[in-house]
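Chains as they are written, first to last, in numbering that gives the first Met the number 0: chain A, 0 to 537; chain B, 0 to 222.
Among these hints, one or two may not hold up.
[Claimed, not checked] Rough simulated footprint, nothing fancy, chain A against chain B, three-plus residues with beta-carbon under 8 Å:
no.	region
1	85 to 97
2	101 to 107
3	119 to 129
Just so you know, these hints were derived from the structure itself, not from any lab.
Every residue, glycine too, gets a C-beta built ideally from N, C-alpha and C.
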Amino acid sequence: MSEFFQDIPYCFCLGANYLDIAMVVVLCALLMMGFPAAFTLAGVGIAFAVIGLSMGVFDLAYLEFFPQRIFGAVTNQVLIAVPLFVFMGVMLERSRIAEELLEEMARLFGAMRGGLGISVTLVGALLAASTGIVGATVVTMGLLSLPTMLKRGYDPSFASGSIAAAGTLGQIIPPSIVLILLGDVIANAYQQAQLSTGAFAPDTVSVGDVFAGALFPGLMLVGLYLAYQAFIALTQPQKAPAMDVDIRDKQQAFRAALKTLPPPIILIVAVLGSILTGVATPTEAAAVGAVGATLIAGARLAPRKRFFGTPCILLAGAALAVLFALTSSLDLRVGREETSTAEQAGIVVAFILCALAALGVGASLWHIHAKRLLRPVADQTARVTTMVFTILIGAALFSLVFRGLGGEHTVSQALAAAPGGVVGSVIVVMAVMFILGFFLDFIEITLVVVPLVAPALLALGVDPVWLAVMMAVNLQTSFLTPPFGFALFYLRGVAPESVRTIEIYKGALPFVAIQILALVLIAAFPGIATWLPGVIYN
Amino acid sequence: MSPQTLQIIETVGLLLNWTGLALSPLLVTPLLFLVFGGQGFARLLQRLSNGVDRVNKRIAAGVVWLSLAMALTQFAIVILRYVFGLNFIWLQESMTYMHGALFLLLGGYVLLTDDHVRVDIFYREASPGRKALVNLVGVYGFLMPMCLIAIWMAGPYVARSWAIQEGSAETSGIQAVFLLKSLIPAFATLLIAQGFSLAARSALVLTGRTEGTSAAAREAASV
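Okay, chain A solo, but in the shape it has when bound:
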């Protein structure tokens, strides 16, 4: 009898040991209910904190860090880039620049076999970069291009696969918002891992490193997509027929494209370039992107004939370009001991240029407002930003409790016990993330799962940039994989009834194969991800 009673506390302990695992299982189950993920995360955290308290295995002091975590999200200088990039993306979308870009590209490449598919891939790569939310991109592209492609005789399967895949491309191509979040999380995890292994002079990774690391893998994916589309167009022309365009139309299209294509492309390249070359922080570059998008939108929407319309806005763009040139050739810093006459003159000119730029930005905002678009842009930006950071808050509470219950220890033990050493652990983590990708969006996985597994992996000596890129490509694959992939769900929602669900699934499969090929390539040749950051930052 006494033996029996001795066993009871042991049973309790055993139960308490598995609380952290139970927490994750319960979370996944309850998320399926469909209540907003941010609050479900927090609610599950609190429930298990209460259970842990009653079993005496949880310290309430862990919860006292909750306000500090929220405040940490407020004061994080890197994450300030998120609302600014969202602003840029929403501005490009609402002012229909994204739409125009797609139309122009389609006209430009439409006369080629497979041309429509190719333009969808290119626009997806270019524009999704700044929104970073899978659903939004797939929906936009699906609404815009799927009907056109079907009307031109594209195979429904091939068309929907191309669109779903293009919609997920934006996640991996910088500057996407999820890469900012992932970079921030990986940076913290790396610091933690190095402290735990007792490194004297800890290395750091930055969001810039992750951007640089993701650039080549992203471009490689674009290249592989295009190659596949070209291959289909050549071997099975009936799946991707050319549009009939006569010569005059073609020239006209070319001239129109010359006008509409360069501004957004220059903007995106400038934003990305300034981050990658280390000239600007992501936040600073994002602000340039946001204001640049405002100018482009303003120039498009403003009346062309009036001075305070398009001319004034174009002048502002030119003024900013001259200002840039002037800054790189003259030292314009004010408040120094000695300034030469040329520099003084330069400063005066710079002031005038700034005034012109301000005038142009003002005119842009005015005309966007006049088209009743400014408030929707601000509103949409604010909503997306709030959504992202509320998940951050919920995830913070969840992971505080998870840590309090010893979850970190469990995770690192489980990873250490995985067969095959480091490689085995990485494969296990990738497999788990792939499956979670069926249920959770990129943001949630980045904020909940990555902080739990990354420190353990990084402590085993895995390269942080490589890990981030692998995770990003892996999740992107997950979103494309039938039958659960997020991108396919969203596309089903906007695709015409005539397109059968099975056709969407079939169309996605070749792209899933491409994704897996890319994962294998990056795993086999880590240099694809790590070479560029190494060159830029060392």
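Start from chain A and add chain B according to the hints.
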């Protein structure tokens, strides 16, 4: 700071505390309504819910513009730094204040507009009644506990900050970190209020008095 000012701040704090406690029974009225029902009760809930919606919409009408203000401010910072070599700490810090205010004051509004992302594999296809049930369970099981914990834990955290009038680490910074930290209980309060509104609407749907929570939300959020 003079003892009188401290006294006043403490009194205001206590007052807020007691107001919150006094109002807290209201939070469970949607559940009571499900048990007892009644025409008058339904009208009361509808009115309270509409009132909360209005408050959060009114707040959002101003706060959403911070997104534009942030873009312009950061752009100005970039020009000042890279062209003229000027750094203003208060300007850089103002970004943090706008950023914090943006997402902490809009938590409730975004719940109203139903933009907090859901795992909607089953939810999307669910009937209005089922959606209402999910929302009711979610509000009482997840949202309200989170907000109450936030208020409970943030109490001492924010009070400490007020007691020393916590300012910036930089002398030329914005000396109002205590206000910034006060956004945390504000976030929880606005969210809990909107959670109540969602619960009330869900309860009305479950008793067959309105047709759907998300339809009501869309209507309420249309600007």
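Now for the hints, and whether the structure bears them out:
no.	hint	verdict
1	85 to 97	holds (count 3)
2	101 to 107	holds (count 5)
3	119 to 129	holds (count 6)
Comparing the model with each earlier hint shows no violations; every hint is respected.
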